[in-house]
Amino acid sequence: MLSSKLTKMLYGGDYNPEQWDKSVWPEDMRMIRLAGMDIATVNVFSWAMLQPNDDTYDFSTLDEIMDMLHANGIYACLATSTGAHPAWMARKYPEILRVDFDGRKRKFGGRHNSCANSLVYRTYSAKLAGKIAERYKDHPALLLWHVSNEYGGECYCDNCAAAFRVWLKKKYGTLDKLNEQWNTRFWGHTFYDWDEIVPPNMLSEQWSPRHTCFQGISLDYTRFNSDSMLDCYKLEYDELKKHTPNVPVTTNLMGAYKPLDYFKWAKHMDIVSWDNYPSADTPVSYTAMMHDLMRGLKGGEPFLLMEQTPSQQNWQAYNSLKRPGVMALWSYQAVAHGADSVMFFQLRRSVGACEKYHGALIEHVGHEHTRVFRECAQLGSELSQLGDKLLNSRGSAKVGILFDWENWWAVEYSSGPSAALKYTDEVHKYYDALYQQNIAVDMVAMDADFSQYDVLIAPVMYMVKPGVAARLEQFTQTGGTFITTFFSGIVNENDIVTLGGYPGELRNLLGIWAEEIDALFPDQRNRIVMNDTLGKLSGEYECGLLCDLLHSEGADVIATYGEDFYKGMPVVTRNRFGQGEAWYVGSSPEASFLQGLLGQICEARGITPILPAVAGVEVVKRAKDGQSYVFVLNHNADAQSFDLGSVSGTELLTGAKLSGSAEVAGRGVLIIEEAK
Amino acid sequence: MLSSKLTKMLYGGDYNPEQWDKSVWPEDMRMIRLAGMDIATVNVFSWAMLQPNDDTYDFSTLDEIMDMLHANGIYACLATSTGAHPAWMARKYPEILRVDFDGRKRKFGGRHNSCANSLVYRTYSAKLAGKIAERYKDHPALLLWHVSNEYGGECYCDNCAAAFRVWLKKKYGTLDKLNEQWNTRFWGHTFYDWDEIVPPNMLSEQWSPRHTCFQGISLDYTRFNSDSMLDCYKLEYDELKKHTPNVPVTTNLMGAYKPLDYFKWAKHMDIVSWDNYPSADTPVSYTAMMHDLMRGLKGGEPFLLMEQTPSQQNWQAYNSLKRPGVMALWSYQAVAHGADSVMFFQLRRSVGACEKYHGALIEHVGHEHTRVFRECAQLGSELSQLGDKLLNSRGSAKVGILFDWENWWAVEYSSGPSAALKYTDEVHKYYDALYQQNIAVDMVAMDADFSQYDVLIAPVMYMVKPGVAARLEQFTQTGGTFITTFFSGIVNENDIVTLGGYPGELRNLLGIWAEEIDALFPDQRNRIVMNDTLGKLSGEYECGLLCDLLHSEGADVIATYGEDFYKGMPVVTRNRFGQGEAWYVGSSPEASFLQGLLGQICEARGITPILPAVAGVEVVKRAKDGQSYVFVLNHNADAQSFDLGSVSGTELLTGAKLSGSAEVAGRGVLIIEEAK
Amino acid sequence: MLSSKLTKMLYGGDYNPEQWDKSVWPEDMRMIRLAGMDIATVNVFSWAMLQPNDDTYDFSTLDEIMDMLHANGIYACLATSTGAHPAWMARKYPEILRVDFDGRKRKFGGRHNSCANSLVYRTYSAKLAGKIAERYKDHPALLLWHVSNEYGGECYCDNCAAAFRVWLKKKYGTLDKLNEQWNTRFWGHTFYDWDEIVPPNMLSEQWSPRHTCFQGISLDYTRFNSDSMLDCYKLEYDELKKHTPNVPVTTNLMGAYKPLDYFKWAKHMDIVSWDNYPSADTPVSYTAMMHDLMRGLKGGEPFLLMEQTPSQQNWQAYNSLKRPGVMALWSYQAVAHGADSVMFFQLRRSVGACEKYHGALIEHVGHEHTRVFRECAQLGSELSQLGDKLLNSRGSAKVGILFDWENWWAVEYSSGPSAALKYTDEVHKYYDALYQQNIAVDMVAMDADFSQYDVLIAPVMYMVKPGVAARLEQFTQTGGTFITTFFSGIVNENDIVTLGGYPGELRNLLGIWAEEIDALFPDQRNRIVMNDTLGKLSGEYECGLLCDLLHSEGADVIATYGEDFYKGMPVVTRNRFGQGEAWYVGSSPEASFLQGLLGQICEARGITPILPAVAGVEVVKRAKDGQSYVFVLNHNADAQSFDLGSVSGTELLTGAKLSGSAEVAGRGVLIIEEAK
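Chains as they are written, first to last, in the UniProt record's numbering: chain A, 1 to 676; chain B, 1 to 676; chain C, 1 to 676.
Same shape as in the complex, but just chain A:
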């Protein structure tokens, strides 16, 4: 819906002219245009300016900004400014201030500081969104709405407690049902009155953000918190839509941000957008997975890269510069995985407060003669050159990885078997095994249509939601390949164990029984001993973290443990189920095993790499109207030659015709428009 207005990929970023004297604005415009930009996210943190007290709204400065953008041919991604409340509001209505995990009532400060269940916050934020929408609904610069900013955090105040009880009543209906699903008879925590329930934090059921006495209440509070913020978003969304039913609405997400169930949120967003801030030690394949996850939120629709830094960040311990070329490389990585924009935080670097050492298009020196500006302007030029070719193009993957926020929460609230078990780490191991082989992946919600995939992987599918086991059986029955791992099939959606033997609801599908689960110390390893050669897999591999002690109940034993008292017990199994197969990997293997296993499974299903793999070179494909584009992203510092296989066509940035083999510069990018 957004791309219909566009003729090229959006290029720009956050812009806060209200933090500057107006004398600077013309120079801003000159430099932003010089960089080839066409969009600015404005009004992100202006609530105090727009509403200096209860009764006054003042849009004069924002009017000027919007007009200036339009006059310069720059679209506005117009934010609602509700990501931080004004100081006067905190003083007048302390209820908007959060109570933190330690039970402390906060005072004014920071951002993301409003209680999502404060009536004052909900009323005033929705009202502000409505007023902005009404005022700018016909403004020619307006391209899309940006609600609040990076929703996040938690609150544990009394208003939240009351709202939580209402939420629980709606979910469970009766206290009996709640007591049962939280298993409150354990430790005699039976509730006789809804008002006895208090939010789970350091003062009640938890002893750290990850440790809880009762998984049920903590899981529900996490859901409730995500829903509460989503409600705030929806209130603003509705106000915006009242006035501009056709202007798309987004809010900037943050990749695998644990507290918010983005699959649920995305249903209420017109377009997904997100802020990509890898740490210096983030693997590039993890960033790739984040892009795919964001694309997956709306089932493959293009998303916006709303924020990234042109050069350095400020909140890391060691804020290294992005090396020459890296900013463009990572920008194209986003595009390759489905972004229809490249945007920065921010266009001009602030002079004071905590983000003043964060990179920007316009640095403190104030002119364009900087490495950072030159790289930005070069990218701007390239994006113009690409025109609308890539806009609204789509990826196409036959392999899906199931990702589930509620499962993530549950896995990590678990007391035992191992504190070392991190959900996203395990998911990333499987993702990375495919990434390294240039095999396209979709990140898939539990309620997606599974039938579009040939292979579905569900790492650590600890929680099995209602109906999912049956849908997975149906998927496999009709020819799908399903892969899951240790510590799967254990609980229902409220973290209540499925009795009768692990992996519970998945046992029939997998044809195994996991009798025990051993937790290994960080320096401990077991071995995966292949029973036979399977594609490239043979011999032995290391594994660790957790070891399920498996019995086959019909599944083929592909590999057994090589160590310890369970040596010889199955560790990898394959169950033929209908026309498909269901695999179980009972421990966490080393990378080479997973690459071999998944490579073999894909090959068997006719799923082939886009290009033969070269270390450090990422290959991704997008397509539109039958025309496909192959991105070759060289994350190495040195140039790499590679085999083009059956791919041939025109490299869009240089116009070179490529076939047979090619070379990509160190930190360079090729975008090959495939010959049809």
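It is possible that part of the hints are untrue.
Pairs involving identical chains hold if they fit within one copy or between any two copies, as the list cannot separate such chains.
Here are the simulated DSSO-like cross-link-like pairs (lysine-lysine), alpha carbons at most 27 Å apart as the crow flies [what the hints assert, rightly or not]:
id: 1; residue 1: K92; residue 2: K105
id: 2; residue 1: K465; residue 2: K170
id: 3; residue 1: K171; residue 2: K298
id: 4; residue 1: K170; residue 2: K92
id: 5; residue 1: K657; residue 2: K567
id: 6; residue 1: K177; residue 2: K22
id: 7; residue 1: K131; residue 2: K657
id: 8; residue 1: K298; residue 2: K8
id: 9; residue 1: K5; residue 2: K105
id: 10; residue 1: K242; residue 2: K258
id: 11; residue 1: K92; residue 2: K177
id: 12; residue 1: K398; residue 2: K137
id: 13; residue 1: K177; residue 2: K264
Simulated from the structure, these hints should not be mistaken for lab results.
Here the structure is a predicted model, which is why all the values come from computation and not from measurement.
Guided by the hints, dock chains B and C onto chain A, whose structure is given.
Using the frame of chain A, we list chains B and C on its own:
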């Protein structure tokens, strides 16, 4: 008193049928009996069920449970359910909620959550105990009472502050005395009114749980806290005894649990019971020491092993499975050290909340065809086979190690000389040196009859309580061998230094003066240089942690320092005192030195190993009515041959006749009924 | 002003007889005199004794103490006792209790426990100081006043919040100005009413003591906190001066104590005094720097060493003994750097509470036959022998290092570029490079007269205060050599960036532009490649932490980077400016580079070492009335021979005539009175 009713060692564990649908109960009974069990600890966390509001008590479910147990020939260890208060009570009477060390008022959650000085808690908990006692006093299943559960934690609320002042008035009589014993003139903390005194925590005198500005107040608050919980226990005890004067009462202790002075508690317990949860890296000799400490609480009487896990725990970082054989091995270790029961937490694994991944007899799979069940059933069969032979048998040690909770608290509240000094570590070093040589040890209270021992060891006897120095002089005068270490004899019972030269009240007995105390960094070592050969000791040994700079005042200098500016000063001394000897070890030596020294001292006193030592093989003896039983516990994974020395007899589990030498399987156990 | 009364260096320490029975006092006197001492700091923590309630003051014990001191020929350094309030005051007036960084209201306990903005505290502390001054103004023992004790800590209570707003109004005049200088438009934090401003702590703008959302408010609160305590000091100062205009007043400082701007404090102190407690791993050159910093607070005037330990401390993790000789060595180090006293905490070791294991002249044994006493008495004898020779002598340095508390705060509140950047570490690197070459250094305030130095070094001069850039240009213009480093010239006094290119206001002087700042990971290094040989410098050196990417704008490029994409860009530059030179070191180099660079710069300016350098041997010079004294301090355990160069004269402790070469014992000291 318990054993008179018994014909065999108790075998069973915690059982919470009220957390389950009754349809499961018959299967529970079948499996519990199948495992050879005869006792179940019930009603541990049922307060909310038993008392749904102020005025209602409902024992219907508990009636059914008790009847069911009896019908199945299973004894009840009947708990009073006061280890966690109901949610309604917390809501209605917030005073029962604790204030934590950080000064935060808690909300409902967790367990061990009641303020010990809450009148509401004291009233309602005693009332509940009384009602339970009245109802079940004649129930045929009733074997013993289990008050509350794992008492622990602290509270710093205003009720506690008020009670603390009363406690202090009782102890000190006048503020003058208190000011003197807390040395409040330091930093001008003189109190002129009792109400000026506030509990020592992060908001007042302490800056961590271990660091305090005033040792006096922190030490007294720790005593007060232990006493306050003991008062709660005693209130329930008295209620139970009113109705069942002949049914023994216990509460489950936790080994070397620092906050509670178990020697003081044990005086009010009919039988000691405790929960044994070693971490994966706990040395087996430490577990042995814990068993001996629990046995020592009541001067050698048998105790109950109330809880252990059949397989894995859930609250460790890495919850590894107990390897095959280990559960039985550790069970027999408890028995060897004086347990008259083997009991588990728990009999059926819960379906929800934080302990659902803790091991159980009946696992989530729900049937008996598991490794864990088979091992439990095998042990049940063996315990039946052993019958009453070992019941109420006793150990017999000529070596005692003095252990004192108040000394422990004082040592670790001390600011200087070294943060690395841990009381239990130093005690364990001495214990281990004897353990490794198969020399039996008793853990001894400060107020015990010292005359029953030939050798008394008091590691880091920092605090010398009133009369103790004289009693130790008497002990040594009449032929005893006394051994103590660096940082001993420093303070009185209120942590006030004994002036005139360290080791203060022990100086006369030891014949030395410690002029200075050097604290070594973790990577620093000094050397112990033997003046002469002493038994197996000769040459040099490493030492560290603290180094007392000693002057002999009559003591023989056995060894001197080998390094630093105090090279040549005494480090180990022996003072002949009357008919005995008093040894001083001025630093913390390496293990081989302590084994040599204690071995030599024991040998000189005619105290000999039960069997010659084999690495990893523990040897313990219990005896009854002149019949002795030698336990051989092989903690190694591999079988070990060993020399039986003068021991011969019948191995009770196999019936084999043993003499000369024997072999014990990896993680195996022999129980040799000695030929008379 | 103090030294005019003196005939020898003061020798003594803290003495708390009120904590002891009077029967001990005569023995104290005997031993203190036996040690050759002539001063005792008394009445440090006696508020509760002096004022048992609102209306009563009782000086009877203090009268006795003062009389006793006088009768024994011992001066009193008389404290005002306001470093810890009485318990009754805390109970009656809770407003005097602080609120901590976490927002918790404290209860009675500890010391340094009064809110500096409590009217009750201010009123009662000033009143007490006045009463003491009135009572003892003519007492013959009175030598100097000691206000409170080791001022420190912070408070965040509502009284402080109110006082902060007053402080801000005074600083900024209008909210507009404040909003501008805090850049509150960032995140929409604009204040419309002074009462909207709350202290920055964990509940508002900060997320750790070092991390803040708004540097402006945190910086101002740090200033406000320092000023608030200074106000308390000044209130007492004024009361003391009312009665004794000619008795000098001090308060004991703590070296580089971050929270208090001691340069500002020193303007209100008659003489600086400080407490020297190096940790076991503190480099001796760091201690030297601390002495020089304390001397620098009043522009080179002698200071008092108010406290050090005779042997061990108690609050370190591992409190090792001072090795034989070290106490005297470190005492002479203080004297060499400008101390006119050697004083201890404390004269008698306390019997209870948290400092009882801290060293003292009189230890728990109570007699003088200890190593510690003997060493103290020996030093006392030497100090008597030295007489008044060194009293009021001065150092003389041509090299100054600029040190600035506000810059320190700002550097470490900064979010980015590197968490590893510690201001005092960088300052110490430059200090140490000179220290290792026996080149005298002054630590210099930003508002000092720069013209007295030939070389001025300003490591990490991040904040440039008003007028300072012009004064540095003037300094250089007229022939001075100025040296600064990476991350300098960035912000104004309110942490607002100077726009137009780093190093901002220093850019003209330095002739460079720093385009970007790269932050290296802890294990990363770059290389400094010398363009040419410069004195002893040639070839390559390591550097790290931060790397400025420099462009010369006229400066000579002395060295370039050897690695990374900025290889070849300048890293060390020299700008000829008028008659002088301005150097820039763009990264943090290894020690050998700095020694070479500073050695070369000093040599070029004719600044020569006092003596040729010997590793571990510190050489310092003091002079008076044209007579100079060279201190040779051997920090090595072994004796060292060294070349006396042009120095010859009489060693004052032995009377030996020295010239040519000499030897100094391990941990020994020579004080050479130079032949004229």
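Now the hints, each set against the structure:
Taking the shortest alpha-carbon separations for K92 and K105, both the intra-copy value of 15 Å and the inter-copy value of 23 Å come in at or below 27 Å. With identical chains, the CA atoms of K465 and K170 are at most 27 Å apart within one copy only, with a shortest distance of 18 Å there and 60 Å across copies. Taking the shortest alpha-carbon separations for K171 and K298, only the intra-copy value of 25 Å comes in at or below 27 Å, while the best inter-copy value is 53 Å. Taking the closest pair of Cα atoms, K170 and K92 come within 27 Å of each other only across two copies (25 Å); inside a single copy the shortest separation is 32 Å, beyond that limit.
Taking identical chains as interchangeable, the C-alpha atoms of K657 and K567 are never at most 27 Å apart, the minima being 55 Å within one chain and 35 Å between chains. In this assembly of identical chains, K177 and K22 lie within 27 Å of each other by CA distance solely across copies; the values are 17 Å between and 61 Å within a copy. In this assembly of identical chains, the alpha carbons of K131 and K657 never lie at most 27 Å apart, being 53 Å within a copy and 91 Å across copies at closest. In this assembly of identical chains, the alpha carbons of K298 and K8 lie at most 27 Å apart only when taken from the same copy (22 Å versus 66 Å across copies).
With identical chains, the CA atoms of K5 and K105 are never at most 27 Å apart, being 46 Å at best within one copy and 57 Å at best between copies. For the identical chains of this complex, K242 and K258 are neighbours neither inside a copy (31 Å) nor across copies (55 Å), given an alpha-carbon limit of 27 Å. Only between protomers do K92 and K177 lie at most 27 Å apart by alpha-carbon distance; the minimum there is 23 Å, versus 40 Å within a single protomer. Taking identical chains as interchangeable, the C-alpha atoms of K398 and K137 are never at most 27 Å apart, the minima being 41 Å within one chain and 69 Å between chains.
For a Cα distance limit of 27 Å, the shortest separation of K177 from K264 inside one copy, 24 Å, qualifies, whereas the shortest one across copies, 45 Å, does not.
In summary, the structure is inconsistent with hints 5, 7, 9, 10, 12 from the numbered list given earlier, while agreeing with the others.
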